[in-house]
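From first to last, the protein sequence lines stand for chains A and B.
Position one of the first sequence corresponds to residue 13 (my numbering), numbered consecutively onward.
Position one of the second sequence corresponds to residue 210 (my numbering), numbered consecutively onward.
Any given hint could turn out to be false.
Stretch by stretch, here's where chain A covers chain B in the computed footprint (C-beta under 8 Å, at least three residues) [to be verified]:
1) 282-295
2) 384-390
3) 549-556
4) 729-736
By construction, these hints were calculated from the structure, which means they are not laboratory data.
Owing to the predicted nature of the structure, the values given are computational and were not obtained by experimental measurement.
Ideal Cβ positions, reconstructed from N, Cα and C, are used throughout, including at glycine.
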Amino acid sequence: MPIYTKEQAQALLKKVLSYSKAEECEVNLGGSEGGNVRYALNAVSTAGDISNVGLSVTSVYGKKAGSASIDQFDDASLERVVRRAEELAQLAPENPEYMPMLGPREFKESITFNANTATMTPESRAEMVGKSLQVSKDSKLNAAGFLENSSGFNAMMNSKGLFAYNKSSDVTFSVTTRNEAGTISGYAARGFTDVSKLDTAAATRVACMKANASANAKALEPGKYTVILEPVAATYMMENMFRFDARSAEEGRSFLSKKGGGIRLGEQLVDPKVTIYSDPFNPDLPASTWNGDGLPREKTLWIDKGVVKNLSYSRYWAQKKGVEPIPGPSNIIMQGGDATLEDLIKSTERGILVSRLWYIRMVDPQSLLLTGLTRDGTFYIENGKIIHPVKNFRFNESPVIMLNNLEALGKTERSISVESYRSYLIPPMKIRDFTFSSLSDAV
Amino acid sequence: MAMPSLNSYGNTIDVQRALEGIDVRLKKQLADAGLNTAKSAGASYADVRIGRYLNQFVITRENRVINVANTESFGVGIRVIANGCWGFAATNEVTKEGIAKAAQRAVAVAKANAKLGSAPVQLAPQKGYGEVSWKTPIEKNAFEVPIKDKVDLLLGTNAVAMNGGANFVNSMIFAVNEQKYFASTDGSYIDQDVHRLYPTFTVTKIDAASNSFETRRSLSSPVGMGYEYLTPLADQKISSITPLYKQRYDMLEDVKFATTQAAEKVKSKSVEPGKYDLVLDPSHLWLTIHESVGHPTELDRVLGYEANFAGTSFLTLDKWKSGNFAFGSKNVNIVGDKTQLGSLGAVGYDDEGVACKKWDIIKDGILVNYQAIRDQAHIIGLKESQGCCYAQSWQDVQFQRMPNVSLQPGKTPMAVNDMIKNVEKGIYIIGDGSFSIDQQRYNFQFGGQLYYEIKNGKIVGMLNDVAYQANTREFWNSCVAVCDERDYRLGGSFNDGKGQPSQSSAVSHGSSTARFNGVNVINTKRKIG
Chain A
13 MPIYTKEQAQ ALLKKVLSYS KAEECEVNLG GSEGGNVRYA LNAVSTAGDI
63 SNVGLSVTSV YGKKAGSASI DQFDDASLER VVRRAEELAQ LAPENPEYMP
113 MLGPREFKES ITFNANTATM TPESRAEMVG KSLQVSKDSK LNAAGFLENS
163 SGFNAMMNSK GLFAYNKSSD VTFSVTTRNE AGTISGYAAR GFTDVSKLDT
213 AAATRVACMK ANASANAKAL EPGKYTVILE PVAATYMMEN MFRFDARSAE
263 EGRSFLSKKG GGIRLGEQLV DPKVTIYSDP FNPDLPASTW NGDGLPREKT
313 LWIDKGVVKN LSYSRYWAQK KGVEPIPGPS NIIMQGGDAT LEDLIKSTER
363 GILVSRLWYI RMVDPQSLLL TGLTRDGTFY IENGKIIHPV KNFRFNESPV
413 IMLNNLEALG KTERSISVES YRSYLIPPMK IRDFTFSSLS DAV
Chain B
210 MAMPSLNSYG NTIDVQRALE GIDVRLKKQL ADAGLNTAKS AGASYADVRI
260 GRYLNQFVIT RENRVINVAN TESFGVGIRV IANGCWGFAA TNEVTKEGIA
310 KAAQRAVAVA KANAKLGSAP VQLAPQKGYG EVSWKTPIEK NAFEVPIKDK
360 VDLLLGTNAV AMNGGANFVN SMIFAVNEQK YFASTDGSYI DQDVHRLYPT
410 FTVTKIDAAS NSFETRRSLS SPVGMGYEYL TPLADQKISS ITPLYKQRYD
460 MLEDVKFATT QAAEKVKSKS VEPGKYDLVL DPSHLWLTIH ESVGHPTELD
510 RVLGYEANFA GTSFLTLDKW KSGNFAFGSK NVNIVGDKTQ LGSLGAVGYD
560 DEGVACKKWD IIKDGILVNY QAIRDQAHII GLKESQGCCY AQSWQDVQFQ
610 RMPNVSLQPG KTPMAVNDMI KNVEKGIYII GDGSFSIDQQ RYNFQFGGQL
660 YYEIKNGKIV GMLNDVAYQA NTREFWNSCV AVCDERDYRL GGSFNDGKGQ
710 PSQSSAVSHG SSTARFNGVN VINTKRKIG
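Please build the complete structure, drawing on both the sequences and the hints.
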């Protein structure tokens, strides 16, 4: 039984806590079930069906904490795991940053669970993959793709009376289409809470269209270009700036640190068109309503019209600084405009359309300088029209510099990071003076 | 691709539990229950992996312990071929009933996907080994070393940094123990006990006036060893501009140098972009080998199985078949090796029951082989697998992963000083830094930890803001010299990511210091607001 109901989880956690003799005790219970299909060269390569559930106990004496876990839930095992956590806590070194556990809180019910996604089967996954394969075969292209669904729950209860529960589900799909010779390539990725919104055939048609349009790419000189980043490219680029952490900024080792000391809270960091916030109740990107500390998660504004509005404060750091703790982002939503991607292209005199970015890594955390490459569909735009595909570029650019060079935003849409597979709501964006530093032969 | 963050799946447990083994007779009974159920349900082949994956983290900063955690992940994964198609299921219910149910689910998955018309899986023959075992030859089990000893070492390291003028220091010891039991319908019952260790620190120096900061990470390597790696030995050290380490590491010595060097980096000269001859230390070169040689010679990438995520490879089969594709200069000899002791990839048998081995990948600069597993071996004319199959845990399906891929030392006697004295305009790079490479492994960019300017055969000072960009084939063809075996060392990745869902594996890359001529160096300094 990998998915417990709220009542089942509450009953089990109460029982575990009844064994505790420590000053403080917290019990976490979590489980998941799901499956995946992976395919390449128009055939399934691997597929799996996985379920797991586990329970962990943290016992505390003063500022000394110990944790132990178990995956067997008979009474003797549950009591044993509590005793082990208590023994470890007695032996542990004191953590001066330890914060006492929180008392009872009210958490709003989250909207992260969807029954359609939770009830997917090996057959329904195979059927959805079959639809994708049909499109690639009809287009005489090879598809490589991945479909994964998972559902799970998390619950926590502590000796001070706090209880929190959340159930969630998620499905992601991505597909790359290439020809036999490997001279063209296209990509599409989708992520949803509700699988009924996922159309694998439509996504594969986009990938095929991109692949066919990428034939006979021409080389352009590296340099500074106006670029239009599609949401899947913008998401991956910006993912690196979304921690919004106060502590590292105040310690002087963040792009949010200020010359001479201090932090950039309240300062204009990027273009006034940029507003970024978290909202666990956004229906297109719901998130858990509590964090691992047991703090409620609410709508939080991080950047408002380009100004840094809030930074996240852990409970320890908040106490040290005399402010209220602010949990880190539950999700990330960036406000967009009304323009479509086509509108952004039409308004561009000379630029590059970037479908996807790849292998982004930090070069300099101080300026947030990143390097990475374009991939699976890069096109030259002139006088509002796509003229021809171009060979891939390596870039060296900072998302902070990029958002200062923001020309226009399109409509916000749900997009997934091609590396972390986290979902975000991000608009397509037009950026001037984006720095491409060299060419790549990769297709 | 190497992952920037730690792999930390699993549940928290205590040390005592971590040291309790599981009876091998019980594991055989459980495995047989899975194999028999799979066969009855219609599988033509099945393997069962019962895994207990233990991690221990001890994490500190400055004068305090941030976290001590023992985690365990215990369960079983069953892989089958039914109707010619792979199926996989995993469960944490490690009972005969739980395993039997998972076996049935695996067969159902295979049958559902077989309807999509995949080409039947073709497995290279593999004889059963019967009941065998293998253990990493450690001297001191890291899980048996008291937490207090680890905390003392890390806080001692931090104290050296803070007393030396560092603003911040983070340090960590990460220990891994994979207790893996593999059984297959071929008749293998393989019990393995695999150990890995990764001690590391990062020293940070801040100049608030200029709002600039620099870090210097440890020059340790993750290793396939026990806690003995942290007992320094004089004959395992190489003297250079900073001490460099072979099979033993001196954390307290390295942090002393790191603290001075982090401060020096803040004030060092920003590099003038242009062409330089690069002298690359093994603590840096391992990552370039990993990305530009290890990944493009993975056969699954070459064939297109990774096209949707990590990408494909420029080393296509026609280049290998030609028998004369010059991947690098004649100085470039690279082997795949799953047997090298002390390495992260060393095991007795891979995760589909194949005994491990060593083979040439690049011989005298020519591409001669790839890395393959059982269902790929026939594609490159092999009669047996090269033993490169791995799964990060019981709940992930095993697939082709990189063995240790290492540059062989030069045959002409040469030390680093001999190499540097012939360089007119160059940069000596130590330690790994930023890294990125395209999806076919042509264009890459790498940074490091320490950069020293070489002028007319002499090191003249420290540089900063250095990264080099190159095309893989041009880069390896510019390799004009490799130091001899006295300089040979292993570096490695504790978390190499690949696959969907992404899995992490640990892999080492050995080399001696090597010289590459005329490489393009860029300046990475940018200013924000």
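Hints, one by one, checked against the model:
With 4 residues having a Cβ less than 8 Å from any Cβ of chain A, the segment 282-295 of chain B passes the three-residue criterion, so the hint holds. Three residues within the 8 Å Cβ limit are the bar, and the segment 384-390 of chain B against chain A gives 0, so the coverage statement is violated. A stretch counts as covered by a chain when three or more of its residues have a beta carbon under 8 Å from one of that chain; for the segment 549-556 of chain B and chain A the count is 0, and the coverage is violated. Interface restraint, the segment 729-736 of chain B with chain A: holds (6 residues with C-beta to C-beta distance below 8 Å; minimum three).
Checked against the numbered hints above, the structure breaks hints 2 and 3 and satisfies the rest.
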